[in-house]
Every structure is written in C-alpha cells, then in structure tokens.
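Please arrange chain X on chain L, whose structure you already have, making use of the hints.
Just so you know, the protein sequences line up as chains L and X, in that order.
The first sequence runs 1 to 505 under the UniProt record's numbering.
The second sequence runs 1 to 505 under the UniProt record's numbering.
Don't take every hint at face value.
A pair holds if it fits inside one copy or across any two, identical chains being indistinguishable in the list.
[Said to hold, decoys possible] Distance condition first, Cα-Cα at most 25 Å in a straight line; then the derived BS3-like pairs of lysine-lysine:
hint, residue 1, residue 2
1, Lys270, Lys82
2, Lys250, Lys149
3, Lys270, Lys176
4, Lys150, Lys108
5, Lys108, Lys270
6, Lys108, Lys151
Derived from the structure by calculation, the hints contain no laboratory data.
Here the structure is a predicted model, which is why all the values come from computation and not from measurement.
Number of protein chains: 2
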Amino acid sequence: MLKINPRFLGQVIIIVLTSLVSVHSSSHHRVSSAVATESCSHTVECNQDPECNLDPQLVAEIASYKTVADRIISEVLQGSFKGRAYSDLETFVDTFGPRFSGTPTLEKAIDFMLDRMQALSLENVHAENVSVPAWVRGYEHAEMLTPRKKKLNILGLGSSVGTPMGGLEADILVVKNFTELEQRADEAKGKIVVYNAEFVDYLTTSEFRKRGAAEAAKVGAVASLTRSVGPLSVDTPHTGGTTYLEGVAKIPAACITIEDAELFQRYQNKGQTVRVRLVMNDYNLEPVISRNAVGDITGREAQLEKVLISAHIDSWDIGVGAMDDGGGVIITMAAVELLKQLNLRPRRTLSTVLWTAEEVGLVGAQAYLDEHMQELGNISVLLESDAATFRPLGLGFAGSQDAGCIIQEVSKLLVSLNASSYQTFEKISSDVDVFIPHGVPAISLRTDLTRRYWYHHTEADSLTVEDPEELDLCLATWAVTAYVLSDISVALPRGDSSKPYLLIN
Amino acid sequence: MLKINPRFLGQVIIIVLTSLVSVHSSSHHRVSSAVATESCSHTVECNQDPECNLDPQLVAEIASYKTVADRIISEVLQGSFKGRAYSDLETFVDTFGPRFSGTPTLEKAIDFMLDRMQALSLENVHAENVSVPAWVRGYEHAEMLTPRKKKLNILGLGSSVGTPMGGLEADILVVKNFTELEQRADEAKGKIVVYNAEFVDYLTTSEFRKRGAAEAAKVGAVASLTRSVGPLSVDTPHTGGTTYLEGVAKIPAACITIEDAELFQRYQNKGQTVRVRLVMNDYNLEPVISRNAVGDITGREAQLEKVLISAHIDSWDIGVGAMDDGGGVIITMAAVELLKQLNLRPRRTLSTVLWTAEEVGLVGAQAYLDEHMQELGNISVLLESDAATFRPLGLGFAGSQDAGCIIQEVSKLLVSLNASSYQTFEKISSDVDVFIPHGVPAISLRTDLTRRYWYHHTEADSLTVEDPEELDLCLATWAVTAYVLSDISVALPRGDSSKPYLLIN
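This is chain L alone, in the form it adopts within the complex (with noise of 0.2 Å):
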C-alpha cells in the first residue's frame, strides 16, 4: 500500500471532487475521466496487474490528471501542435541528415537543439561534454568470387576495424549461431566467418552482430560478416555496433543482406567453396568531444527531484535516423515545449535531456551516469523515446512492482488515444540500459513496431517511412506521461521497499 504524501492529500481531496463533478457533464471525455478509474472495464484496455494496491486516494489523485491529461492531448490532436511533430522532424533530418558521432553535424544538430532549449526559455540550458568515438566509414566493397561473381551489398559495423587497404579474399564458413561456431572452429582459421541467424527478435540476433568478430577472432577467423538484424529485406543491409574482446584480434567486421547469408548457405550446403573478396577502409580516429544537450522546466515544489525526458540525438552515419531517433528527439522538445505554452510548470523538475553517441554504445548515457551518479537518487523516473515514433502502443517500464502499479494508472489516462497498453521490459538497448541497474525507474514510448526492423540502422531510416498522425499520437502520449509523472505527489519507489519515495524538498 503506497502513502500520500499528507501535503498534497488536501489537494487531491479537491481535485478529486472536482473530477467527479464534472462526470455529471455530458462530456465524453469526462465521462471517460471516471471510467478510467476502473481496472478492467469494456471502456479500459484490461491490463491492470492484479496485485497492484495501490493507495485508492494516489488512484483518485492520478485519474485527477484526466482533464488536463485531455487539455493536452487535444492540443496535439485538434490544436496548435497538430501535425507539429511531423514538421519539425522533417526541418531537423533535411536540414542536418545523418547525425554520426564524432562528426561536426552532430553538434551542429546539438547546437540547434540548445538554442531550441534557450528560444523555449527553458531554464538550466547547457551542454555536458562526452568523449565519443570518432569510427569512419571508408570505401566499403564486397564481393563473391566463385562459385559465381556477385556484388555484395555490405555495411561495415560500428568501430570495426578496416581490411588491409587493398583487401582480403578468403574462402567463408557459415555457422547458424554460436555453437555451430564452436563445433567447427577448427574450419574457421583463415576463414571468413558467416552468421546466419534467422531473426527472432532484435536482443536475441543482434548477439551475433554484435558478438560476432570477437567470437570468430577466437577461432582464427580473419573477418566476420554477420547476416542483417531484421525480418524482412529488400537485398538491405543493416549496419550496427560490434564489441571487440580485450586480448583478441581485432578483425573487420560487416553486415550482409538476408538474401547473401542464404545463398551462401545454400552453397556451403551443397558442398561448393564460396570466396569473398572484402575491402572495408574503415577506421578509427581519436575520440572526439560531443556533447549532452540538457535543459529543464524547474520545479514549482521540488527543484531538485527530476524526471528526465529523453532521446538520442545521434544517429547512425546512413540513412538521416528520422525514426532512430530523431523522432523521439522532437516529440521530447515538442513535448516540452506543449509543457510550456500551456503553463504547466510541474511540481519536480522536468529536466530534458538528448543523449549523444548513443549508437556507438549508450556513451552520452553512460557519461551522463559517471557525472550525476551522488543524484540518482533524485530522480524519480526516466523516460525515453528509442522505440520509434510509429503508432504508440503505450508505455513500458523498468522499475519496481509498486511504481509499475502507478505507471498502469498514469496509463489509463492515454486511453482515447489507444496509447494505454503497459509493458515492463529489463533492458532495450539504448539509453536507459544504463541507469536501470542503478535503481533508477524507466519509461520507454511502446509503438508499433511492425515495420522497425524492415529500417532499422538502414539507409531507409527516413522521413518516408514516418507519419504525421502517428507522430502527434505519440507526441500526446510522451506529453501527458512526461508531466503527470513530474507532478504528481508522488515519486516512483524503487526496489522492494514499499515506502513511498516522496518529493525531497
């Protein structure tokens, strides 16, 4: 059973009253206001996990949230940030296009998202500098020699290493996964190693990217190409990072097309040699300094408590990263910015933060992290959009059973926009990856992801492939989570304990 804060249950006595007041309007939206209140109705996605109990007055206060939760949802929907969302990522990928770590466009888009911050007048505006790999992407040529000539289609991986300028021709051996690697790492030497791993979903194969040249290095292998990250392609290759292992070579490392690892494997079945000519002038330069981009909406009550909102603002050097994660970037400011124009200052501080070098191994997060470790404690819950901004699905959360219970109600507020669907997740592969071990509770935007990996760190990551509706729907749900979790009485509890973690000032 969580407690309220006894300050603010004045407070919620009223609101409370309020909302029910105005259940007795004919309002479809209020109506809804009260039904929200309710777990498992027709009207209510049945998603409340039984063992929640929470306090009936911090529900009461939550489902309170309803008429400004809908203020801000129908200025996105029908009001002056309709379409917004999409307006403003096509001005940030035209303008900028691919945002890679250790490139001067990079903080050029950083530069731009600061001066955002100043022109919003948010307060605390400032940059936090990140030493970030600097990995350039030289002349990158593939191709198979026998059993017949073909072009292949490859990215070279993140940090990896480049061939010798000329090239490297060697006979491939392909393995469906790891063990297969290890049963026949006596084939391996001099060869090049071929992951062909069906996709299962992207933690589970992107192992073999991101595993894969350490693994076949062990074995003697002098490069690794590892089958594209993703269910479907259109002869797409798919770049992403590679983790080379203290102690073990350091060998080139690419990614293929799904349709190069069959016909490989077809032939490795049928008994041929298949040869691979491979040329990545790939390198490494010195780290460079990059930065955070953080400015906040300071608290009314509790200026040190802080709920973050975030994004990366670094992408991969192909495609323009309009959906990984330029989207999250600009409904994060855009959602601000809403925050803003309606005078929602909340009670904690709403500290934005983007992240940078994010792809090339959560280094803005982890910097981040090293900087503000004493100030954990102080927030009360992160949030991040880098699951693509396509349909919202609703919210998945990192953090403990009783702050998942509160994050289920706040949820419940995002039901006229079909966002309200709750998740918990341990670990995503990005930003909050970081924090999550240390206790910090986190929000990723759930959407749907039915068409992510098609575009996933792909040339394709563009405007095309994103949606204005779909954007201000996601937009709606990041605005009204960022503020309700920043202003009410409440701070999420970690851990086990069954304390409420309340507001520190």
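Just chain X now, with coordinates in the frame of chain L:
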C-alpha cells in the same frame, strides 16, 4: 452456345457417365468434381460470368477432367513433385545468377533448358534465333550536392545512354506527372527532371519510367530520374526499361528510391535548390543473337494445333530473377515433365516456349510472332507465367467472352488449390501482349502480388522471396491448366464469332 465436335461427343458422354458414377464413391475429391459443375455454390468461388451459356455437354466434358486434374495436383502436393519446383529454381538461379539479354550467361541458361527439354524427350526441341539488345550497366554513381551532400542509390534504366564519361551536374526539377512537366516546361531546360509519382499500379506508374526520359528530353532536360515503381522501399532502386523516341535527344535515365524522390520534393517545395551529380557509364553494344527455346509434347490427335506454355528465361542484370521470371520458367518446365511422367499426351500439341529478352522489350516474343505469323491461327491459347510465383489465385484471361467462359469452367478444377478465381485482362506488360492484338487467346497465371513490387526489378529478386509450398501450388495450377486446355475437344473460340474453333487435324 458453343458446339462440340461430334467426333468427341461419344467420348464425352462416356467420361461424363464415369464422372457421375464416381460421385457416388466416398472420395471427397470426387464429390467436389460434381459440385464444381454448379456455378456459385457455397463450395465454388462465385466467379461465373452470368453471361456464360456454354453447351452443357462442354461443361460436363471440362468437369470430367476432375479425376486427372486431381491426379496431377496430388502428384505435386503429396507425390514425387513435392518441393520440386523450389529445388529446381534453386539450382537454376544459384547456378546462373542473372540472365541478362546480350550476355553469355543467358545463353548458357538457354542451353541448360534445351538440354533439359532433350532429357525429357520432348519433341521438336530447338532454338529460334533472335537478335537482342546488349546493354551494359557500367559504373553508376549519383549524389546530391546541395542543399546537403548525400549519396543517391540509383539504377540506370535498361537501354539508357550514359552520361559524359566524367558525369554531369545539374539542378533538378521535380514533377509529379507529365501534366506538371508540361506546365513547367520552361523550367526544365538544362535540368535533371525528377518524376515523383506515387505508386498506383504497375501499368500506370511505370509509364513515368518508360516515357520519362523522352518526355524530359523534349523540354530540354539533360537527364531524367524516376521514382522507383513500387509501394514500399527500403531505399530500394528498381530498374526497368525506358523508351527513346525517334528524333528526340537520348538523355541518361535512371531510377531513384522513393525516399530520395520524396526528399527532392520536400526541398523543392521549400524553395531549396537541389543539385545532383550523375555518373552513368552505361552503353549499348551492337545487338547479339539469343534464342527462344522450344520443345513440344506432340499432340496425339492434332499435331499442328497448339497450346503454348511459356515464361521468359531472361532476367534483369541485377538480382537473379527468381520471381521474374525464374519461377515461371521452372513451373513451366516442371509442368511438362509432370505430364510426361504421368503419360498424359494431350490431343493437341503442348509447346513449351522459353522467351528470350522479355525484359528489354518483349524481343523474343516479337521475333516468334514475326516468324510464326502464318501459324497464329493454330494456337488455341498461349499460357505465360510471368506474374511471379507467389500463392496462386487463379487464371487471368485475354480473349473472347466465349473462350473466357471455358476458362472459367476449367478454373473450377483448381478449387482445391484455392486458385479458381478468374479475371480478364487486356495487357499485362509481358510477352503475351505481343500476341493478344493478333487475336491469340492468352492466359496469365495470377498470383498474390502483395509483395511483388517490393522486389520487382531489384537486387532482391532472389530465391529468398520464394516459398516451396507456393511454388508447388503454382506448378499444380499450371500443369492442370496446360493439360486440360491442350486436351479438351474444342480449341478456344476467338473474337465475336460464336462458332467453335475446332481441331484442325
């Protein structure tokens, strides 16, 4: 009302009686046989043209093929041909790769199929020489220079002239259609015209690819770039043919991706100048000799009367043409092999024709037409499978209404394959288009095209898009159709004549 040749009436009566007797057996398939003669029952797709008024004896004759049709189907779905089409296609595309007009590889693939026709003991196996274009895709490169640098993923269009060796640079003019080009003709001089037409359907939208260069040249453009023809893109360029006009300058023509076409449109809408650098070292060689491959199962009664079963053996130079038209070639060859194996020699000659050089302008088909103009009257119907080999839907037909009524009856034999839907067409952008204006009835295998234009004329036209079970269903549909139409007592009636077109031997 169609009349049946009295020579066959006795046989038909016997077959019908046999069929009626078999209805009383407990076989589910045999019960369906009787049902299939009723139009619009709940077990038969309700696609019977209400205008059809076939002689009941002919209807009964067609229905009487149910037993042999089911034998063919069973041999493919459960018998010795199960998985055979996929396996043959794998061998074919993995051995030869792309089979482009003018290349030695195409000729090797033709030899391979001629050898196979011999091995199957087809009669009259021979090649018919055809002079075909030899266009060479050289180094191709394009990039946007302003408002920001970006590599453009392009493919030169077949038969396109090259740019000057060092490339060309020009500002672009984006138009949505030919009307807009006309309206803005005075802006086009010296520019690269970009056609940004959203995909409607293939025939409609491919007009911009086919006519785009010529229309742009008329108004003084130096090159044309066409948005790729398809409903989905993962930064995917689609090649295809373009047609120059006599007396109009030949300018370089390529396709760009949907993403880049939309990007150009946005920049132009915002008044930003887009400058593009285009290098296409493509060129046309003198025509070379290729061949249509022909092999027959000579008719047991009417040797000179023919049903043609066909597909085109050439592909584009990118991808391997697994879908376009490797699958068509393979099911055509496998259908004939299956009929041979089942000792089904039809009444009239079933002639297999593998067209060369379809992609570069229906060149093989045109040569066949010219060579065999005097024999067109002997062709009962021309079958071509060139609408991919995904899940079969049924038969498409171009011809007289009476003939269409016969095809609808034949389609009922395909109910168990869920491939009995019937549609008419006039033009299909394939070899049959050459014959239809000369009155030759034509059938196209219709398959589920949901994914076709994702891959069409791209690097992704590979074995990966094909499915063994779908290929089996296509093969069964194709073999039944070919056998029944080459064996029934009447040839397909042409034009408005209500007279049956009878066996001529």
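Going down the list of hints, with the structure as the test:
1. Lys270 / Lys82: Intra 57 Å, inter 20 Å, cutoff 25 Å: inter-copy only.
2. Lys250 / Lys149: Intra 28 Å, inter 32 Å, cutoff 25 Å: neither.
3. Lys270 / Lys176: Within one copy only: 16 Å inside, 49 Å across.
4. Lys150 / Lys108: Close across copies (17 Å), not inside one copy (40 Å); limit 25 Å.
5. Lys108 / Lys270: between (52 Å within a copy, 21 Å between copies)
6. Lys108 / Lys151: Between copies only: 20 Å across chains, 36 Å inside a chain, cut-off 25 Å.
Hint compliance for this structure: hint 2 is the single one not met.
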